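Model the placement of chain L on the given structure of chain G, informed by the hints.
Protein chains in written order, with our numbering: chain G, 1 to 154; chain L, 1 to 154.
These are computed hints drawn from the structure, not numbers from a lab.
These numbers come from a predicted model, not from an experiment.
Take these hints with a grain of salt, some might be off.
The list treats identical chains as interchangeable, and a pair is accepted whether it falls inside one copy or across any two copies.
As the list claims (entries may be wrong) - Pairs of lysine-lysine, DSBU-like flavour, derived with a Cα cap of 35 Å: (1) Lys25 <-> Lys94; (2) Lys94 <-> Lys26; (3) Lys54 <-> Lys71; (4) Lys112 <-> Lys83; (5) Lys112 <-> Lys25.
Protein chains: 2
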Amino acid sequence: MEMHSYVTGLTDGEGCFSVSFSKRKKMVLGVEVRPSFSVSQHKRNRELILSLQKFFGCGGGRFSRADQNYKYEVRSLSDILAKIIPHFDTWPLKTSKVNDYQAFRRICLLMKQNRHVQPAGLRQIIHLASSMNAAGKRKYSPQDLLRMANKMKV
Amino acid sequence: MEMHSYVTGLTDGEGCFSVSFSKRKKMVLGVEVRPSFSVSQHKRNRELILSLQKFFGCGGGRFSRADQNYKYEVRSLSDILAKIIPHFDTWPLKTSKVNDYQAFRRICLLMKQNRHVQPAGLRQIIHLASSMNAAGKRKYSPQDLLRMANKMKV
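Pulled out of the complex, with its shape left as it was, chain G reads as follows:
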């Protein structure tokens, strides 16, 4: 088995690239940007989740009691930049999930340049994120986020 290709196939099926936002007074613009790459599996596939942690050399597995799922997740920006993005650039996704990935990738590169703590960069990130995971529900609409970000002095 060629594991890189297997992992891309599994991710096309069960993976998720997401960027969430939360209100944080401590942050320069009052909004925290949190990218996350995850793969979910029923708890009976805990071994596979642990093997992803080993494969990528980062991230962790955790159990969600709510849906009885194990989730492999990487939230660290430096791990995402060093390990997740190089993988999916070299072994690209084949489903429309590639569009989520491309937006996710751009957001992470903007964060690397500290653009998320500048109003124009944060606005760009909010716009990119609003195109992702169309079916999911969000706590804040892009309009809410822009309002939150704009209220803060820089």
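Using the frame of chain G, we list chain L on its own:
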């Protein structure tokens, strides 16, 4: 990309091995056994479904209006034996879906030996199938099927 490994990863995510039964007076035991391998995707990934048809050299894609999904499906026993089973024997699944696959595989091999038109073979197939896809719903319970099969004269 190594396509064999990719396809196994995608199948661990989105594939389904199933065996369904239907009442058919024409069949020797009054019960038809229908194995099926399928991979479902949102209609936006129609291209990927078509590429699976090319990859395996069998099966077909069809659109389900109900859930707006494209489904790649192989129902032909000879194609399953010649193309699907050799693939998953060589590039094995890593999730618990492998258990469904093993039952599916045994059923297809029994059918190859025409065991599904003999009462003992059909009973064995019904038992194997009852262990598969625990979450799915079935038109007939194993008990219903055994009753249907036993009623028929051979």
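Against the structure, the hints:
| no. | hint | result |
| --- | --- | --- |
| 1 | Lys25 <-> Lys94 | neither (39 Å within a copy, 44 Å between copies) |
| 2 | Lys94 <-> Lys26 | neither (39 Å within a copy, 43 Å between copies) |
| 3 | Lys54 <-> Lys71 | both (14 Å within a copy, 33 Å between copies) |
| 4 | Lys112 <-> Lys83 | within (14 Å within a copy, 46 Å between copies) |
| 5 | Lys112 <-> Lys25 | within (21 Å within a copy, 67 Å between copies) |
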